[in-house]
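Residues per chain are reported as follows:
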Amino acid sequence: MPRTVLEPRFQVEYLSILDSEGHLDAALEPKLSPDELRALYRAMILGRRLDERMVRLQRQGRLGTFAPIKGQEASQLGSVSTLRPTDWMVPSFRETAAMVWRGWPIEKLLLFFAGYVEGGQPGEGQRDLPIAVPVATQLPHAVGLAYAAQYRGEDAVVMAYFGDGATSEGDCHEALNFAGVWHVPVVFVCQNNQWAISVPLKKQTHSKTIAQKALAYGMPGIQVDGNDVLAVYAAAREAVDRARAGEGPTLIECVTYRLGVHTTADDPTKYRAEEEVKMWEQKDPLTRFTAYMRQKSLLEDGLEQQVDEEIALAVERFEATPPPDPLTMFDHLYAELPPHLVAQREELARRLREGGAPEPDAPAPTPRATPMRGQRLTRR
Amino acid sequence: MAVMTYREALNQALREEMRRDPRVFVIGEEVGLYDGAYKVTQGLLKEFGAKRVVDTPICESGFTGVGIGAAMLGLRPVVEMMTFNFSLMAMDQIVNTAAKLHYMSGGQFSVPLVIRGPGGPAAQLAAQHSQSMETYYYHVPGLKVVRPTTPMDAKGLLKSAIRDDNPVIFIESETLYHLKGEVPDDPDFLIPLGQAIVRREGTDVTVVAYMGMMYRALEAAEELAKEGISVELVDPRTLRPMDTETIIGSVRKTHRVVVVEAGAGFAGMGSEIAAFITEQAFDDLDAPVERVTGANAPMPYARNLEKLKTPTTEKILAAVRRVCNANGS
Numbered sequence: 001m002p003r004t005v006l007e008p009r010f011q012v013e014y015l016s017i018l019d020s021e022g023h024l025d026a027a028l029e030p031k032l033s034p035d036e037l038r039a040l041y042r043a044m045i046l047g048r049r050l051d052e053r054m055v056r057l058q059r060q061g062r063l064g065t066f067a068p069i070k071g072q073e074a075s076q077l078g079s080v081s082t083l084r085p086t087d088w089m090v091p092s093f094r095e096t097a098a099m100v101w102r103g104w105p106i107e108k109l110l111l112f113f114a115g116y117v118e119g120g121q122p123g124e125g126q127r128d129l130p131i132a133v134p135v136a137t138q139l140p141h142a143v144g145l146a147y148a149a150q151y152r153g154e155d156a157v158v159m160a161y162f163g164d165g166a167t168s169e170g171d172c173h174e175a176l177n178f179a180g181v182w183h184v185p186v187v188f189v190c191q192n193n194q195w196a197i198s199v200p201l202k203k204q205t206h207s208k209t210i211a212q213k214a215l216a217y218g219m220p221g222i223q224v225d226g227n228d229v230l231a232v233y234a235a236a237r238e239a240v241d242r243a244r245a246g247e248g249p250t251l252i253e254c255v256t257y258r259l260g261v262h263t264t265a266d267d268p269t270k271y272r273a274e275e276e277v278k279m280w281e282q283k284d285p286l287t288r289f290t291a292y293m294r295q296k297s298l299l300e301d302g303l304e305q306q307v308d309e310e311i312a313l314a315v316e317r318f319e320a321t322p323p324p325d326p327l328t329m330f331d332h333l334y335a336e337l338p339p340h341l342v343a344q345r346e347e348l349a350r351r352l353r354e355g356g357a358p359e360p361d362a363p364a365p366t367p368r369a370t371p372m373r374g375q376r377l378t379r380r
Numbered sequence: 381m382a383v384m385t386y387r388e389a390l391n392q393a394l395r396e397e398m399r400r401d402p403r404v405f406v407i408g409e410e411v412g413l414y415d416g417a418y419k420v421t422q423g424l425l426k427e428f429g430a431k432r433v434v435d436t437p438i439c440e441s442g443f444t445g446v447g448i449g450a451a452m453l454g455l456r457p458v459v460e461m462m463t464f465n466f467s468l469m470a471m472d473q474i475v476n477t478a479a480k481l482h483y484m485s486g487g488q489f490s491v492p493l494v495i496r497g498p499g500g501p502a503a504q505l506a507a508q509h510s511q512s513m514e515t516y517y518y519h520v521p522g523l524k525v526v527r528p529t530t531p532m533d534a535k536g537l538l539k540s541a542i543r544d545d546n547p548v549i550f551i552e553s554e555t556l557y558h559l560k561g562e563v564p565d566d567p568d569f570l571i572p573l574g575q576a577i578v579r580r581e582g583t584d585v586t587v588v589a590y591m592g593m594m595y596r597a598l599e600a601a602e603e604l605a606k607e608g609i610s611v612e613l614v615d616p617r618t619l620r621p622m623d624t625e626t627i628i629g630s631v632r633k634t635h636r637v638v639v640v641e642a643g644a645g646f647a648g649m650g651s652e653i654a655a656f657i658t659e660q661a662f663d664d665l666d667a668p669v670e671r672v673t674g675a676n677a678p679m680p681y682a683r684n685l686e687k688l689k690t691p692t693t694e695k696i697l698a699a700v701r702r703v704c705n706a707n708g709s
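Taken in sequence, the protein lines are chains A and B.
1 is the number of the first residue of the first sequence in this note's numbering; add one for each residue after it.
381 is the number of the first residue of the second sequence in this note's numbering; add one for each residue after it.
Simulated from the structure, these hints should not be mistaken for laboratory data.
As the structure is a computational prediction, the values presented were derived from the model and not from experiment.
It cannot be assumed that every hint is accurate.
[To be verified] A few chain B residues that face chain A, going by a derived Cβ cut-off under 7 angstroms, partial list only: (1) I438; (2) G487; (3) Y518; (4) G522.
Beta carbons: idealized from backbone N, C-alpha and C, even for Gly.
Model the full structure from these sequences, guided by the hints.
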């Protein structure tokens, strides 16, 4: 009874096409047309500029808490750009650039982070799920969408986003397991940005890579340089094509870095070294892609100004939006409004008609005379 | 009308809805090849195939999440919990997603999902498998919660739940699966969600109860009739949204109320019912609302202790006598 090694033996690939110095592995370069490259480049610039503008808006108190994407533009756009409009995109809470690519108007995203329900409302027929704030819970939904797409005989592919922290959640394991067992068309895109708020990857998992976890679920896993938009695109293209051909799910680990805060509610200088951030700034996805575009003579003059104007117009539209009608609080709670909510809605409407809801710290109004004990009003 | 068991009524509801609507499918542990842990899905795999009767890995959060995703793409999944106690593993998917997606997507997505399975006290299933799980779910805006007491209700309410565009928590009972009753054959027989039923008319006291407690309350009512106390029995059937109108109507008639529930009383169904009766019909009451509830302790495994933990017919009798002897009439 010897101790033997089981076949097959596993290995995990790492893919890099355009390195941080702008060197290109021409043999691996994906075949993208000049127009496709320009669109991708524009989306990356827009993603970065919008992110910076949103941070300023938040600091000025004009926007609520949100999760900036700075540094992760290549991971998001390299992957999402391989989808068709008929495919599904399942975001976590840090996919602003990917959502803009999928057609979310900028002002809608701003409205979302300002607390407007319209902000979380995908357009009619738009095949994106709303932003998912609970960590990893969106991943089983992605498997459900893929199961339903197959059930209905559609050839849609589902791309689901999550971070390195989410890989510790049960829902992540469950989704990968279901996807593996059912062989459904899901591409799992993990943006490993090294930090889950203040918890570094090495405290999240003892696994050498996140990509290798795929092997245990019986699906291919690949690690890519997540700051190399060409490598992310190439890996995602392969995974999406394979999923569409009925060859099952894939896990892609994009090794990237969150250059900014986790959300606008924390201060990363308290938990990570300045040198580490500086080191990753040298690997900025935009710098190397700009160099690549320059080499191809595809850079457009005035692109940044153009993008800034587009953002400025969206901010204007966002700020011109009147505050939400309080009575919409009960909308969409059920497909139809049940009687107890009709009553609550009427009660709120009455309070608003009678001079608005009281301020939280206003003194309580004098109560109307009520019967004393023993003086009960009896209706019968 | 055919006479069949509660289990057969549920099976018939599933079968009829699956025949009527190709978007309906069943998903859960052991629902296919094994015909369901309690045989509610008996024969469905044979008739509808593995695409529509889906055996899953053991993972409540996973298959509930899959159900939510499939519902968002327009299917109508029926998720089976082997016992509703296991739904605690899927709590986040149910509470944070199923209940909120319609709201948070501004109405763009619906989650027409039914989550069904047995719950509540049974026969020596002990602390972790005997809980009245409805108490965890009726607190959540966005969910509907159903507890069907009879075979007829089981069929009519399950069919309505499957056709409903909202997520519905549908909790059956291990102790009722074998119970027989009349069930209409009409494939379009439905009982609307949110409608209570007066199971027995009476004039002196209203007893509100559902599931196994309804049968104990019925026993008590027969006994009390001999003493000249006329009990009206109201079964809410849907706990959220609750048909408060029917309950209040009965209170205005009898002026006395006893609420019976199998689970622990603290912040239970009885508390909510007592609260809205106080808000809406205080001046109609001739006695304080009484609650008969399970003890506020985990369900003991030992048979004798289990019996003591759950409300008995004797406890219901005592409570009714107390409210009927109270001053005020």
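Going through the hints against the structure:
Evaluation of the B/I438 hint against chain A yields a violated restraint, the C-beta minimum of about 10 angstroms exceeding 7 angstroms. The criterion of a C-beta within 7 angstroms of any C-beta in chain A is met by B/G487, whose closest approach is roughly 4 angstroms, and the hint holds. With a cut of 7 angstroms, the hint placing B/Y518 at the interface with chain A is violated, because the nearest CB-to-CB distance is about 12 angstroms. Against a cut-off of 7 angstroms between C-beta atoms, the interface hint on B/G522 holds, since the closest Cβ of chain A lies about 6 angstroms away.
In this structure, the earlier hints numbered 1, 3 are contradicted, and the remaining ones agree with it.
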